[in-house]
Each structure stands twice: as C-alpha cells, then as structure tokens.
Amino acid sequence: MARDVEELLQRRLFDRAPDGMVVMRVDDGLIVLVNEAFGRLLGRPVDQIAGHNSAEFGLWPAPDERAAVQQQLLAHEARVPIECHLQTRDGGLRVVEISADIIEIDGLAHTFAITRDVTARKSAEQALRTNEERFRTLVASSRDPILVTDAAGLLTYASPGVQFLLGYDGEALLGTPERDLFHPEDLGVRETMVSRLVGEGAPGVAVELRMRHHDGTWRWVETIDTNRLDAPAVNGIVTNVRDITDRRATEREQVYLALHDPLTGLANRRLLEDHIDLALNGATRSRPDVPGGAVAVLYCDLDRFKEVNDQRGHEAGDELLRQMAHRLRAVMRPGDTVARVGGDEFVIVCADLKTVADATSIARRVAEAVAPPVRLATGSPVQVSVSIGIATATGRRLDRAQPGTLLRNADTAMYRAKDRGRNHWEIFDTKMQEQINQRNDVETQLRQALARGELAVHYQPVVRLTDAAIIGAEALLRWQHPTRGLLTPQHFLHVAEESGLIIPIGEWVLSEAIRQLSRWQSGPADPIWVSVNVSGRQLRDHGLGPALTGLLTATTLGASLRLELTESMLIEHSPVVAADLDKVIHLGVRIGVDDFGTGYSSLTYLQHLPISFLKIDTSFVANLHPRIHPPGHHDRPALTEAIVQLSHTLDIEAIAEGIETPAQAQALTEFGCTYGQGYLYSVPLPAEALTALIDLP
778 MARDVEELLQ
788 RRLFDRAPDG
798 MVVMRVDDGL
808 IVLVNEAFGR
818 LLGRPVDQIA
828 GHNSAEFGLW
838 PAPDERAAVQ
848 QQLLAHEARV
858 PIECHLQTRD
868 GGLRVVEISA
878 DIIEIDGLAH
888 TFAITRDVTA
898 RKSAEQALRT
908 NEERFRTLVA
918 SSRDPILVTD
928 AAGLLTYASP
938 GVQFLLGYDG
948 EALLGTPERD
958 LFHPEDLGVR
968 ETMVSRLVGE
978 GAPGVAVELR
988 MRHHDGTWRW
998 VETIDTNRLD
1008 APAVNGIVTN
1018 VRDITDRRAT
1028 EREQVYLALH
1038 DPLTGLANRR
1048 LLEDHIDLAL
1058 NGATRSRPDV
1068 PGGAVAVLYC
1078 DLDRFKEVND
1088 QRGHEAGDEL
1098 LRQMAHRLRA
1108 VMRPGDTVAR
1118 VGGDEFVIVC
1128 ADLKTVADAT
1138 SIARRVAEAV
1148 APPVRLATGS
1158 PVQVSVSIGI
1168 ATATGRRLDR
1178 AQPGTLLRNA
1188 DTAMYRAKDR
1198 GRNHWEIFDT
1208 KMQEQINQRN
1218 DVETQLRQAL
1228 ARGELAVHYQ
1238 PVVRLTDAAI
1248 IGAEALLRWQ
1258 HPTRGLLTPQ
1268 HFLHVAEESG
1278 LIIPIGEWVL
1288 SEAIRQLSRW
1298 QSGPADPIWV
1308 SVNVSGRQLR
1318 DHGLGPALTG
1328 LLTATTLGAS
1338 LRLELTESML
1348 IEHSPVVAAD
1358 LDKVIHLGVR
1368 IGVDDFGTGY
1378 SSLTYLQHLP
1388 ISFLKIDTSF
1398 VANLHPRIHP
1408 PGHHDRPALT
1418 EAIVQLSHTL
1428 DIEAIAEGIE
1438 TPAQAQALTE
1448 FGCTYGQGYL
1458 YSVPLPAEAL
1468 TALIDLP
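Residue numbers (our numbering): 778 to 1474.
You can trust all of the hints, since none of them are fake.
With a cut-off of at most 27 Å between alpha-carbon atoms, the simulated DSS-like pairs for lysine-lysine come out as follows:
id: 1; residue 1: Lys1208; residue 2: Lys1195
id: 2; residue 1: Lys1083; residue 2: Lys1195
id: 3; residue 1: Lys1131; residue 2: Lys1208
id: 4; residue 1: Lys1360; residue 2: Lys1083
In short, the hints are calculated from the structure, not lab data.
When you get a sec, could you build the whole thing from the sequences and use the hints?
Here it is as structure tokens:
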C-alpha cells in the first residue's frame, strides 16, 4: 500500500513539475514519458509526444546538436545543465537547459531529462549584452567626455572623449582630483552644484564652466551631473561634458556686432545710449560741486563727406570713415565713448568733466584731429572738417537728463553749427530749446493743415515784357493759418523739409497745379503754362517720374507744365535723379533753374542737363534800379545783361524775377530778356482771380 502511494506521489510530482520532464529510449530516440510542462514547451498535447520518436515532429532542429547532447549523456557528463535548442509545434525555437541522467528500464538504457525554458532569460541577456556593447561603442566614439568622480572628489572614470576635448589620456587622470581640471574662478560654482546634487538631491542642471586643456589653454564646456553614488557599479557623480567653446565665441561675436558699428568697430547707437546712461548715473552719485559732476555729448558730422562719396566712390568714403574713427579714438580719454550713429555722424560721450567749458576743449581737440588731409588708397589726399553740437548735463539737471534727450539736443546744436558755415561747434542752450518747441508746434500744425485743407496754391503771372501779356504763371504755396492769417513758405518751408512733410505737400501742389492748368487750357483765353517749384528732398527721396506719370496720364498737359529746380539740386544730381528727370522730360515737361546766379559758379550743368529756361534771381533785378545800387557795384547791371546773353547763346529761355518798377522792366527789355514776373505786374493771386485776369480782353 505504501509503495502504491509513493508511486502515485511521484507520478503527480512528475506530471505537475514546472520544468519539462521527458524519458526517452537511447537506442532509437523513442519518447516513453513526458509531463505537461514539456508539452507546453513544445506546444503539443502529451499524448502526441509520448510513444513517438523525436524525429517524427522535428524536436531537434539541429541534428548535430542532438548528437552532441546524446554523447554527453552517454558519457555521464549531463549532470551540469546543457544548453540547446528545441523546435516547437509552430516552428519556433526555444532555448532550454537540459539536466539529464541515464536510467535503465526493462534492461534498456533511457534518458531521463529535465528541461527548463530559458528563452526569455537568454533574450534579456542578449539585449543587455547588446546594450552594453552599444553603450561602450557610443562612449568610446563620443567626443563628449563622461567623467565619474567619487565622494572624495577623485576621478574614477574618464571616457575616451577626454582625450579629444582636453588632450589628456583618460587612464592618467584616474585618481586625480576633479577640481584640478576646472578654472579657479569657476570652482565655487562647480562645488555648489555638486553639493546641492548630493546634499539636497537637486536635479542636475546645465552649467557653463571652463576646463583646462592639456596645453594649458581653457575650453568652455557645459556640464550636467547625475548622482550615482548609491549605484554599486558606479559609486560616483557622473558628469557629462560638452564643448561649447565655439558657441561661446559665436555668441560673443553676435553680442559685439549687436553693439558695434561693423565698418569702424565703434559703439553703435544702442551701446552709445547705454554708455550715456552709465555716465549720467555715475555723475548723479557725485556732488555737483566736485569734479565728476558734468557729462557732455558731442554730436560730430563730417562736412562735405557726400562729395567724397560721389567723387571717389563708396569704398573711398568707407576708408575715410575708418580713418576718422581711428583719429577720434586716439584723441579721447580711455573712459570716453566714441560711437558711429549714421553715415558720417559720430558721437562722443565724456563723463567726469569738471566744467562745461571742458567740453569745448574736447570739441577743439576733435576738430584738430579731423583737419589733417587723409591719404586714401586711390587718388590724392582729401581734407574734411567737422561740425559739432554739444549738449551737457550737470548739477541738478543730471536727475532729469535722459540719453535720448541729450542726443537730440546735441544733434540740434550740430545743425546750428552747420548753419554757421560748417567747421564750427555750438553748445545747446535754452534758446535752441525754444526754437525746437516752436519748430515742433509748426510741424504739428502743418500736418493738421494738410489734413484740414488749409493749404492753397496762388499763382503769379509771368508776362512778355514788351506788351505785359500773360504767357504763364508760377504756382506758389500758401498756408491759410487759422490764427496767423495767410503765410508764405518762408514761415514753414524749412520745417516741411526737415520733417519730410514736403513730400506729400509737394505732391499735393503738383496735383493742384495740373488740375488748374487743365481748367485754363480748356478756357476761352489763350493757353498758358504753369511752373511748380520742386524740393530737393522730394526729388531725391521719391522722384517725380512716377507721380507725374499718374497725374498726366491721358492728357496733353505735359508740354504746358514746367518744374523749377535750384542750381544745387542740378549740380549735385545723382544717376538716380538723372534717370528720374529723363522720365519727366519724356512726358513733355520742361525743366528750369530757379534763382539762377545765386548758387554754384560752375555752369557746366547747363550743357549736360536738358535745361529749357532759367529764372534770373531777384537780387540781379533789384540792382537794376539806380536808387539802390550798392556803392562800388555799378557793374551788376552788366552781370545781369551777361546772364541774358548766356541764355540766348545756349538757346535757353530767360525769365526775370522780382520786377517791381518800370525802370527795371525797361532795362531788362534792353538787355534782350523776353519774359518776367513781379509785383509790377501782379502779386500772387488765387486761381479764380488769375482766371479773371487772363480772361480779360
């Protein structure tokens, strides 16, 4: 009975064992007995396995492997697990470990084997080996070093990347203090980061530090630390290092370019305003009655720089600017700032001045530095001067001073210096401020006038001198001011020019003049022409061709429209302006010279430009009156006659301006001048009044 129970227990243990068990006859491979675990391993019911030869269902995918296993079993060497492969019902392979022994049943040798499925474990081990190999390959080939430092701060690992980045042999670094690699100035930051990482458990963050190269130079790096002191395999702080030296250099260059003028290397406007602010703050902290209480801003503009650009080319102009920048730096104190803020405009900021008078001494030094001739790569030396505007802040005004205000004030003073004839300096004062306020008021009111329709065009007749017949008219701008009455351009034209309002105003005058010309051309009287004065800014900035093309489209008014330009505009014309004038002339519009004789002495432009008429300036006409001949200038009538004769020689129409007396008209007629205008014939009139005058029989 006990034997039966023992056999039953043994059978149940066999059947329910977690590992596969199989009994197989040695001589022919017949499987005698299997348990359920072995069936699950192969994916077959046990009754499809027992009683069958293993070859019938391809249990061994590799016959050589079966023979090797059987040989080890027969040699009694299989007590140590043997690793092999078995094929499942669906054709898959399982990795198993077989522990086996030879037993005898009915006098025949049988193999009793216990099989354990280790496929998953083997896959995991293989994946681990693959990952480890991949990690070793990546670490070995990476140029970014990985360092491991123990709790004592000694290096226990240095990846091959340390050789590439810092020039050290990784093995030679082991056991050395990590701190020896970092810049002394950065050690505080490094130690703080490691302390927080270890003591507070703070996450590692990217930190930019300097590390010593083997050749003694310093490399900028970005480090990220991970605390693995609790990992037995690591037992240290893992530091990933990335080289950012080039990036730092690029960032420095970008910052430099953002704050400096690329041509001269001087500070630009952005850095300039920062330095003015610093100078003001520093002076504010000083007592007004001690040295260091004054700040000066000098706005410097090179005189006639445009001529160098036009005559020598932009490369010569750039070289001149570079040399001027060098000269200005050379005469300034180390703490002063020299900046370039425009084409030929430089600004100097001086702090720690004892008195405002010191600023004029600096201005004198600047003028002396600019004055000597400049030798350029091509051509003869050039010589320029400088106009300087000075704005200062001292004493109680320091608290209210702003960088932008000082710059504007110095700029205003500089323009005052230019108005004095260039090569001067001016100090900004309260009177200039009052003028600025007045100018700003005029600009604001002028903008409103344009929008409200307060501007008007009056017309002064141009007559034939022999019979006073009206043959044309000059369009003249007027402003019907709500409180000051009718204003002529002398009260507001300079503001319109400086503010840029002259461009929309000029286009409006052209439009009004062409509209009125159209009415006169369709009226009962003989047709007349109309001339319009053109601003230099209007000509240079926007051009006349596009505007006139739109205004004159589908009309024949071009031949009856004239444009008056000053001599300076014509003598300084650029290729762009010349091309624009060609478009204007193509429309049939005639070009003339206004105030002839008051500008340049060279008259070559009369030959090279398509000039159709010239206006003899009032100063030449006024001198024809005997009662106002200046002493010693009795030859001026002869000069006026010469101008008339010049016009005849060049086949250019001459029109005398400012005729006020019959004597003047008589003298001009004797000189051969055909046309004229002035108060003798009519003051400028509204269009309706001139229309009535034209229509008179």
